[in-house]
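Q: Please construct the entire structure, taking both the sequences and the accompanying hints into account.
Chains as they are written, first to last, in the working numbering: chain A, 67 to 211; chain B, 8 to 215.
One should not assume that every hint holds.
As the list claims (entries may be wrong) - Pairs of lysine to any residue, SDA-like flavour, derived with a Cα cap of 25 Å:
#  : chain 1 : residue 1 : chain 2 : residue 2
1  : A       : Lys152    : B       : Lys201
2  : B       : Lys193    : A       : Asp134
3  : B       : Lys201    : A       : Ala78
4  : A       : Lys152    : B       : Ala162
5  : A       : Lys102    : B       : Arg209
6  : B       : Lys201    : A       : Ala154
7  : B       : Lys190    : A       : Ala154
8  : A       : Lys152    : B       : Asp197
9  : A       : Lys152    : B       : Gly167
10 : A       : Lys152    : B       : Lys190
11 : A       : Lys152    : B       : Lys193
12 : B       : Lys190    : A       : Arg140
13 : A       : Lys152    : B       : Asp170
14 : B       : Lys46     : A       : Leu72
15 : A       : Lys152    : B       : Arg205
16 : B       : Lys213    : A       : Glu111
17 : B       : Lys46     : B       : Ser84
18 : A       : Lys152    : B       : Gln147
19 : A       : Lys152    : B       : Lys46
Said to hold, decoys possible - Derived list of chain A stretches under chain B, where covered just means 3 residues or more per stretch with a C-beta under 8 Å from a C-beta of chain B:
#  : segment
20 : 72 to 78
21 : 91 to 105
22 : 131 to 145
23 : 161 to 167
Simulated from the structure, these hints should not be mistaken for laboratory data.
Each residue gets a CB set at the ideal place from its N, CA and C atoms; glycine is no exception.
Residue-level listing of the chains:
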Amino acid sequence: MSEQELYAPLLALARRLCNDPRYMAYVLAAYKAQEKLTDEELELELGMLPLLTIRLSLCKRPDAMSPDFAAHVREIADLTLLNEEKLAHILRQVDTVEKLAGRPSSLLSPEVAASHLQAGLLAAARDRDEESETEEQPEDEEAKE
Amino acid sequence: MSSHPDLKQRGERLHQRLLAGSLTASSETAELFLRPLIKSLTGEFKQPGDPHLIDSAVEDALINYFEHPEKFDPARSSLFIYLRIRARTYLLNSLSQRGNPNKVVELREAETVQQVEEQNEPDAEASLVSRAVQTEIMQQVQKYITDPLDLRIVALMVEGVRDTATYAEMLGISDHPLAEQRKTVKQHKDRIKKIIERKIRRGRRKRQ
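A: Put into structure tokens, the structure is as follows:
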């Protein structure tokens, strides 16, 4: 199975969900717009594997006001190997901006949000092969806690 | 084509989790079924005109299911069959509207043909296809993590295993107090995430 076959359908679904505030795809696109991040800067900030970024996009969005917020963030963070604090920060920020604006945080049109996420995820997917060529050989794991 | 129990059981588990409010179940369901559904419909509709029609129909079926999981009745069919019927109906509607705007297939009508669809139950190959994402993720992780125990922990994490006991057993701390198990498991997970994050960032910075 080619990489394109593997990524493309999931990416297309994530792109559709960029317009829906109930999904993480929307949150990532909104955060990127709020922070005026380029695709590369967002990738750098998240420090995530490309496929896991798509996986994150397809998760539903935790409610920052819910008493289960921390548990929900942990569940998503574990499944996507993402830093919990980073994910909670992004969610809270997007939520706060939405509340201040009195509407879902669409600082960007759905079309723009969709194109931002698509560009970012495609770039991440493209990077995968480059990484395997440029990345140093796996190092011994850092000292365990 | 014989039914593949692995895919069916995994679908049922995900469905229960979606109903229970899991926020990751939508993503896991998409990974599990998106490609097998597209593959199955592509086998039936070899030339739908616009090649994106099948993809869109499957996306519609999944999005609709995520919003209304209660409409799926596990007693009547597998989740794969349910999603296939929905996607097939959306596809037929798209095709009909292109040829004849007045001809629309009713979803309810389509669901009565559920039994006919049983022949389209996914097979072992579909199950393998559904695991391709998981396999690819682990291949990518192996560029950053080499410790065998850490890799086993990552495999559990990306499979969505949540219970502390499984990790505690792997770490050999099952006899420790539960609070300590939880703390140790979390420390291991956080450390692994940090290693991956740091190495990915380092790799990206090198290229910038």
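Q: It remains to establish, for every hint, whether it holds in the given structure.
A: Hint check results:
no.: 1; hint: A:Lys152 - B:Lys201; verdict: holds (11 Å)
no.: 2; hint: B:Lys193 - A:Asp134; verdict: holds (18 Å)
no.: 3; hint: B:Lys201 - A:Ala78; verdict: violated (29 Å)
no.: 4; hint: A:Lys152 - B:Ala162; verdict: holds (22 Å)
no.: 5; hint: A:Lys102 - B:Arg209; verdict: holds (22 Å)
no.: 6; hint: B:Lys201 - A:Ala154; verdict: holds (16 Å)
no.: 7; hint: B:Lys190 - A:Ala154; verdict: holds (19 Å)
no.: 8; hint: A:Lys152 - B:Asp197; verdict: holds (12 Å)
no.: 9; hint: A:Lys152 - B:Gly167; verdict: holds (20 Å)
no.: 10; hint: A:Lys152 - B:Lys190; verdict: holds (19 Å)
no.: 11; hint: A:Lys152 - B:Lys193; verdict: holds (16 Å)
no.: 12; hint: B:Lys190 - A:Arg140; verdict: holds (13 Å)
no.: 13; hint: A:Lys152 - B:Asp170; verdict: holds (23 Å)
no.: 14; hint: B:Lys46 - A:Leu72; verdict: holds (12 Å)
no.: 15; hint: A:Lys152 - B:Arg205; verdict: holds (13 Å)
no.: 16; hint: B:Lys213 - A:Glu111; verdict: holds (15 Å)
no.: 17; hint: B:Lys46 - B:Ser84; verdict: holds (19 Å)
no.: 18; hint: A:Lys152 - B:Gln147; verdict: holds (21 Å)
no.: 19; hint: A:Lys152 - B:Lys46; verdict: violated (36 Å)
no.: 20; hint: 72 to 78; verdict: holds (count 4)
no.: 21; hint: 91 to 105; verdict: violated (count 0)
no.: 22; hint: 131 to 145; verdict: holds (count 6)
no.: 23; hint: 161 to 167; verdict: violated (count 0)
In this structure, the earlier hints numbered 3, 19, 21 and 23 are contradicted, and the remaining ones agree with it.
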